[in-house]
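Residue numbers (our numbering), protein chains in the order written: chain A, 50 to 363; chain B, 828 to 1092.
Just so you know, the hints here were simulated from the structure itself, not pulled from any lab data. Each residue gets a CB set at the ideal place from its N, CA and C atoms; glycine is no exception. Just to be clear, a hint being listed does not mean it is correct.
[Unchecked claim] No farther apart than 30 Å at their CA atoms in a straight line, the calculated lysine-lysine pairs in the DSS-like style are these: (1) A/K149 x A/K65; (2) A/K65 x A/K52; (3) A/K52 x A/K233; (4) A/K189 x B/K984; (5) A/K149 x B/K844; (6) A/K169 x B/K984; (7) A/K52 x A/K82; (8) A/K233 x A/K298; (9) A/K52 x A/K64.
[Claimed, not checked] Covered stretches of chain A, going by a simulated chain B footprint (3 or more residues, C-beta under 8 Å): (10) 186-192; (11) 316-330.
[Claimed, not checked] Away from chain A, derived, C-beta distances all over 10 Å, residues of chain B: (12) A868; (13) L940; (14) F982; (15) H1076; (16) L1088.
Spelled out, the chains give:
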Amino acid sequence: MIKTQKISKTFRIGKKGQTELQAVQNLTLEVDKGEVFGFLGPNGAGKTTTVRMLTALIRPSTGQAQIAGYELGKQDTEIRRNVGILTESPGMYERLSAEKNLTIFANLYDVPDVAQAVNKYLSMLGLWERRYDAVGSFSKGMRQKLAVARALIHEPQILFLDEPTTGLDPEAAKTVRNFIEELKTQGRTIFMTTHNLDEAERLCDRVGIFRQQLLTLDTPANLRKQLFGRKVVFHLREVNPIWVEEVSKLDGISHVEIVENKLVVSMQDPEQSNPIIIQYLVGVGAQILFVGELRHSLEQIYLEMVKTSQGGSL
Amino acid sequence: MRHIRTIIDKEWAEVFKNRMVIMTMALLPLLFTAIPLLMLAFTGNGSQSVDLPAQSSGLPAGFLAACEDMNANECMQVYLLNQSMLMFMMMPLMIPTTIAAYSIVGEKTTRSLEPLLATPITTLELLAGKSLAAFIPGVLITYGAYAVFLIGTHFLKISAAVRAYLLSPVWFLGILLLGPLLAVIGTMFAIFISSRVSDPRVAEQLSGLVILPLMLVLGIVLAGLLVINLWFMLISILVCALVAYALLHLGTIVFDRENILTKWK
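Take these sequences, add in the hints, and give me the full structure.
This is the structure we're talking about:
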């Protein structure tokens, strides 16, 4: 669905455009049909520039891309016809009603049955009762819902969501997130940029951590594994330091440490190593209270990656 | 055509919800129609200069050539009509400029330009829609105001010579052809400015400058250095048609979506 090959974007800034700013550098990625892809990165990382390039709003300086099977730079109108975009700011026509706003975009996207499409999305997003009200009177959450409806009005193959929940209150953010989850079940291809790492973890099949260039790309689970391995915590009544040395010698164990009354064991495959460790601990008289896997959040992965990309300082 | 119609519809829906814009659009034609009617009424045949020759009217010598076989009063009326007709020609330039000046920069400030440019609309369709949305009301209002003015003159006591001058092809060409061409020029100029600046007020002020050449012509007419005749009108139409065509062509070239989206704060 989305295939990019070393796309870069350089802006000329300054009064006479003599300074170059590299916003995106050699971005190569593929997003499959029906996949929800999370594009994470700090402010100014080039996420919005990337979305603008992939939606044929701005041209890449170098590189090639195919969006929904169309060549970027050569078939831009077709790309625009087949993608939907939720821009960072909803950018609605405030004086016009919700219905009018959607009707305008349905016409611009050449939707065959405008009234039906408009009614469908107004109802789906809970805006039916307010359809004749000026958008200027809407809350932030309602505007965002309307912007989502606008992005979907032409039933695009690919949906680009640029910070879909930024600035929304928790309730509105939840509504938008639930709707994205619903879209996911419909098999839509979604490319979303976000700061909300929990959101990315919950919604995305794969995430890419980006800062001018792609730092890493994988499923949240694999990223955890890649970066931190897997850690299992054995909560014990009491810990004997001798056990650390003994457990370290077992197969598949890379590191063992004591944290309070816990034995924290880094290993490749908990399913294989856990029974052996438990058997050993029971054998040496340890009282096991609880065993659980220590999960690194996507936030920790993200911070680690961004820190590395900045040369170790955040 | 569907995209162009949609843009026109959208622009009108937005513009006509703004009472201030409607007031501005209504006030100008009202004034430009009422003032010449009042002038004709107050310089009617009851004036003392009815029997005096045109030469005694005190009007600039260069203008007197247009007053063949007219008395001083009639010549004065024709002189005033000259200015009023120029005002009528300015009307389709002034009304669309107000709308067009806001058209792009307004979308920038409300952040609605990005979703709009993300649709399959082409630059030509977008510019055509925006221009027509500004151009059509301006021209229709001018035609309407001119019709009201002509009807109004029927209720005034004006001589056959003045009426003949009023209904000469020069002014019909001016109002019906030159006016709309000036409107195209004004609209394109305003859209060009609108896409380059980041503040709607700046756009409106700069776009207003398009009226300056016409004000210059008005000044020359007032000084009696220029009498607007058929030749002058035909040449003006030709020149304006060429300028309008060039601006329409140039508009699509200089409208750089990427710059507009990324280089404004």
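Structure-based check of each hint:
With a C-alpha separation of about 41 Å, the suggested pair A/K149 and A/K65 falls outside the 30 Å cut-off, and the hint is violated. Of the pairs offered as hints, the one joining A/K65 and A/K52 is violated, with about 34 Å between alpha carbons and a cut-off of 30 Å exceeded. With a CA separation close to 20 Å, the supplied pair A/K52 and A/K233 stays within the 30 Å bound. Under the criterion of a C-alpha separation no larger than 30 Å, the hint pairing A/K189 with B/K984 is inconsistent with the structure, at around 63 Å.
A distance of roughly 13 Å separates the Cα atoms of A/K149 and B/K844; the hinted pair therefore holds under the 30 Å criterion. Using a Cα cut-off of 30 Å, the hinted pair A/K169 and B/K984 is violated, with the two alpha carbons roughly 64 Å apart. For the hint pairing A/K52 with A/K82, the CA-to-CA distance comes to about 11 Å; that is within 30 Å, so the pair holds. Only pairs whose Cα atoms come within 30 Å are accepted, and A/K233 paired with A/K298 is rejected, the gap being roughly 45 Å.
Of the supplied pair hints, the one linking A/K52 and A/K64 is violated, its CA atoms being roughly 35 Å apart against a limit of 30 Å. Given as covered by chain B, the region 186-192 of chain A fails the check, having 0 residues with a CB less than 8 Å from a CB of that chain where 3 are the minimum. Coverage of the region 316-330 of chain A by chain B is violated in this model, with 0 residues showing a Cβ closer than 8 Å to a Cβ of that chain against a need of three. With 10 Å as the threshold on Cβ separation, the claim that B/A868 sits away from chain A holds: the shortest Cβ distance comes to roughly 41 Å.
Non-interface call for B/L940 relative to chain A: violated, since the shortest CB-CB distance, roughly 7 Å, does not exceed 10 Å. Every beta carbon of chain A lies more than 10 Å from that of B/F982, the smallest distance being close to 40 Å; the non-interface claim holds. Separation of B/H1076 from chain A is adequate, the least Cβ-Cβ distance of about 21 Å exceeding the 10 Å criterion. Some Cβ of chain A comes within 10 Å of the Cβ of B/L1088; the nearest lies about 6 Å off, and the non-interface call is violated.
When held up to the earlier numbered hints, the structure conflicts with 1, 2, 4, 6, 8, 9, 10, 11, 13 and 16 and fits the remainder.
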